[in-house]
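There are 2 protein chains.
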Amino acid sequence: MRRSVAFQGAPGAFSTVAARQLAAGCKAVPMETFTEVFESVANGKLYAAVIPIENTLYGSVHENYDHLLKYGLTIEAETFVRIVHNLIAPPNVKKGGIRRVFSHPVALDQCRHFFEANPAFARTPYYDTAGSVKMLMEKGLTDAGAIASADAAEIYGARILQKSIEDDRQNYTRFFLLKKAKIARPSNAISNVRYKTSVVFTVKNIPGALFRALSAFALRDLNLTKIESRPLRGKPWDYLFYVDFIGHTSDPAVTHALGHLAELADMWRVLGCYPAASKQIS
Amino acid sequence: MRRSVAFQGAPGAFSTVAARQLAAGCKAVPMETFTEVFESVANGKLYAAVIPIENTLYGSVHENYDHLLKYGLTIEAETFVRIVHNLIAPPNVKKGGIRRVFSHPVALDQCRHFFEANPAFARTPYYDTAGSVKMLMEKGLTDAGAIASADAAEIYGARILQKSIEDDRQNYTRFFLLKKAKIARPSNAISNVRYKTSVVFTVKNIPGALFRALSAFALRDLNLTKIESRPLRGKPWDYLFYVDFIGHTSDPAVTHALGHLAELADMWRVLGCYPAASKQIS
Chain A
4 MRRSVAFQGA
14 PGAFSTVAAR
24 QLAAGCKAVP
34 METFTEVFES
44 VANGKLYAAV
54 IPIENTLYGS
64 VHENYDHLLK
74 YGLTIEAETF
84 VRIVHNLIAP
94 PNVKKGGIRR
104 VFSHPVALDQ
114 CRHFFEANPA
124 FARTPYYDTA
134 GSVKMLMEKG
144 LTDAGAIASA
154 DAAEIYGARI
164 LQKSIEDDRQ
174 NYTRFFLLKK
184 AKIARPSNAI
194 SNVRYKTSVV
204 FTVKNIPGAL
214 FRALSAFALR
224 DLNLTKIESR
234 PLRGKPWDYL
244 FYVDFIGHTS
254 DPAVTHALGH
264 LAELADMWRV
274 LGCYPAASKQ
284 IS
Chain B
4 MRRSVAFQGA
14 PGAFSTVAAR
24 QLAAGCKAVP
34 METFTEVFES
44 VANGKLYAAV
54 IPIENTLYGS
64 VHENYDHLLK
74 YGLTIEAETF
84 VRIVHNLIAP
94 PNVKKGGIRR
104 VFSHPVALDQ
114 CRHFFEANPA
124 FARTPYYDTA
134 GSVKMLMEKG
144 LTDAGAIASA
154 DAAEIYGARI
164 LQKSIEDDRQ
174 NYTRFFLLKK
184 AKIARPSNAI
194 SNVRYKTSVV
204 FTVKNIPGAL
214 FRALSAFALR
224 DLNLTKIESR
234 PLRGKPWDYL
244 FYVDFIGHTS
254 DPAVTHALGH
264 LAELADMWRV
274 LGCYPAASKQ
284 IS
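Chains A and B supply the protein sequences, listed in that same order.
For the first sequence, our numbering gives the first residue as 4, with consecutive numbering after it.
For the second sequence, our numbering gives the first residue as 4, with consecutive numbering after it.
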C-alpha cells in the first residue's frame, strides 16, 4: 500500500507539486483545512503532511506556525515551489465573457496588475486555487474564470486563457514535510549536507529580552535565515518567536546555542532539523 | 465641512469603532481595499486613514505593513479595539434555518469552536464582516447568517442571534491613524505622555546582522514592543523588519539608537512617533 501524505486544498493545488518533490511515490490526500491536515498526522491516521509555510510575496502562513507549535509534528524536509498563476476557464468560455474570477484571496492579491488591466473582472474569494477550477467545471459557470496552477487546468479539463498572470515572477512558496517522529541524527554518510534547524521560543516582556535570546545564535556565528513573531494566545501583545538557522542540532555550535537559549527563554522547542533545500531563485 | 477619514470595509466594520476613538467628529468613508485607503490619503483627497495593523489572535495585517512602506504616510496615533463577534441574521431567520455563515476569513477563523459546535453551518468567506451583514439584508437570504460587530447588526437592521461567539475573549485589534504629514515633535505641555516610535529597516543577509541592528535599541535599554518581518519584494528570502519601541524621536537615547541603526542598516525609516495607547486588556 502506498503511504499517504495529507495536504490542504483540492488536487492541483501548489501543495501537490510540493508533495511530489518532498514525498515522491506517496499518495497525496486532499483535506479541507490545515487543522485536518495536522490532525491526520498527529493522530497517526496518515504518514506525513505537506504544508506551505511562507511565500516570498505574501509572507508567512501564520496559521501553520500556530499548528506547528500545537500539534508537535517534526519538520523532516523543506522545498521551494515556483508559483505561476494562470487565468483558467471552462473550454467554452472566452476571456471577454468573464465577469467573475474565483481564487484563494492570496492568489487574487498576487495578481493585482492583472485585475487593474481587466476592470470587468470581479475578484471573487474562494477556498482555494485548484478548488475554484473544480467548482467552475462542476457548476458549468459560463461567466466565470479561476486563478490556479496549470496542473489544476489539466486535472479538471479546463483551459488556460492567460499564462503567468502573477505581478511578480519571484514568487516562491516554501513547503515543509511533517511527520510524527523524533528529530533524526545525521549519519556520517550525509555529513556534507547543509542542514537547517527550526526553533520556537518565548522571552519575558522586558527590554532587551529578544536581543539576548538572539545572542545565543549570534555569538556562535549561526546564520539566521528566518525570524517570525506570532501572538501568544492568552497573553495579548506577548509574542512567540520562530527562528530558522543553518546548522544541525548535533553540531557543537548549535548544541551550545540551544543550551544558551534554554537559559534565556521562558519556553523553547526544536521543531525540526532537516537538509536545507536549494532556493531555486531564477 | 467635516474632515474625512478613510477605512476599509463597510459601515459597521471594526475600523469604524477605531475611527470614533482616533478621529472623533470626522466622517468615516468606506473603501473596498486597503490600497484605496492608502491612496486616498497619499494623493491628498482625504484627511486621514484608520487601518488595522495587528490582532492579538491573528497577528499582523501584513498587507498594511507593505502599504506603510510604499505610501510613506505617517503614523499619528494608535488605539486598541476589543473584537466581539456575533452571529447575525435577517429578522425573519432563525438559527435552525441557517446553512451558510458569511464573514471575513479572519473572523471565520476566530470562531472555530462555534463552527465545531454548529456543524450544519458552512463557513463562507466574504470580503468583510459588516459587508456580509449588508449583503444578507440586501439579497434577503433566508438560509444564511453573518459574523460581524453589534454595530453592523444595528446599522443594517439585522438581528443578533448569538453574542460573543469568538474562541478567545482576549481578542484585540490595534489600529493606526495615518496622515500625510511630517513626524511631529512633542510640545513641553505633553512631555509626560509615553510615546511609541515605529521604524522599518533592512539589513544585509549575513550572520548576526539582525542581532547587531537590534543592539542599537538594546544598548540604550529601549523596550521593543513589536518586531515583524516581511518579505522584501524582488529579493526572495530577504526581509524587512518593522520595530516598535517605547520612546520619542527627540529623546537622546532614541536619537542615539537611530544614529546607530543608520550605521548598521542598509535602509531605514521612521514610520511615526505617537502617544502609546493604553492596552485595555481585560
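Rather than coming from a laboratory, the hints here were simulated on the basis of the structure.
These figures come from a predicted structure and were not determined experimentally.
No residue lacks a Cβ here, since even glycine has one placed at the ideal position from N, Cα and C.
Hints may contain errors.
What the hints assert, rightly or not - Okay, derived cross-link-like pairs now, PhoX-like style, lysine-lysine, Cα gap no bigger than 25 Å in a straight line: (1) A:73 with B:97; (2) A:229 with B:73; (3) B:142 with A:229; (4) B:207 with B:166; (5) A:48 with A:166; (6) A:238 with B:142; (7) A:229 with B:166; (8) B:142 with A:142; (9) B:207 with A:229; (10) A:238 with B:229; (11) A:166 with B:238; (12) A:207 with B:166.
To be verified - Short derived list, chain A residues pointing at chain B, Cβ under 8 Å: (13) 59; (14) 211; (15) 230; (16) 232; (17) 234; (18) 270.
Verification of the hints:
| no. | hint | verdict |
| --- | --- | --- |
| 1 | A:73 with B:97 | 36 Å, violated |
| 2 | A:229 with B:73 | 23 Å, holds |
| 3 | B:142 with A:229 | 46 Å, violated |
| 4 | B:207 with B:166 | 49 Å, violated |
| 5 | A:48 with A:166 | 38 Å, violated |
| 6 | A:238 with B:142 | 40 Å, violated |
| 7 | A:229 with B:166 | 40 Å, violated |
| 8 | B:142 with A:142 | 21 Å, holds |
| 9 | B:207 with A:229 | 13 Å, holds |
| 10 | A:238 with B:229 | 14 Å, holds |
| 11 | A:166 with B:238 | 23 Å, holds |
| 12 | A:207 with B:166 | 34 Å, violated |
| 13 | 59 | 4 Å, holds |
| 14 | 211 | 4 Å, holds |
| 15 | 230 | 6 Å, holds |
| 16 | 232 | 6 Å, holds |
| 17 | 234 | 5 Å, holds |
| 18 | 270 | 18 Å, violated |
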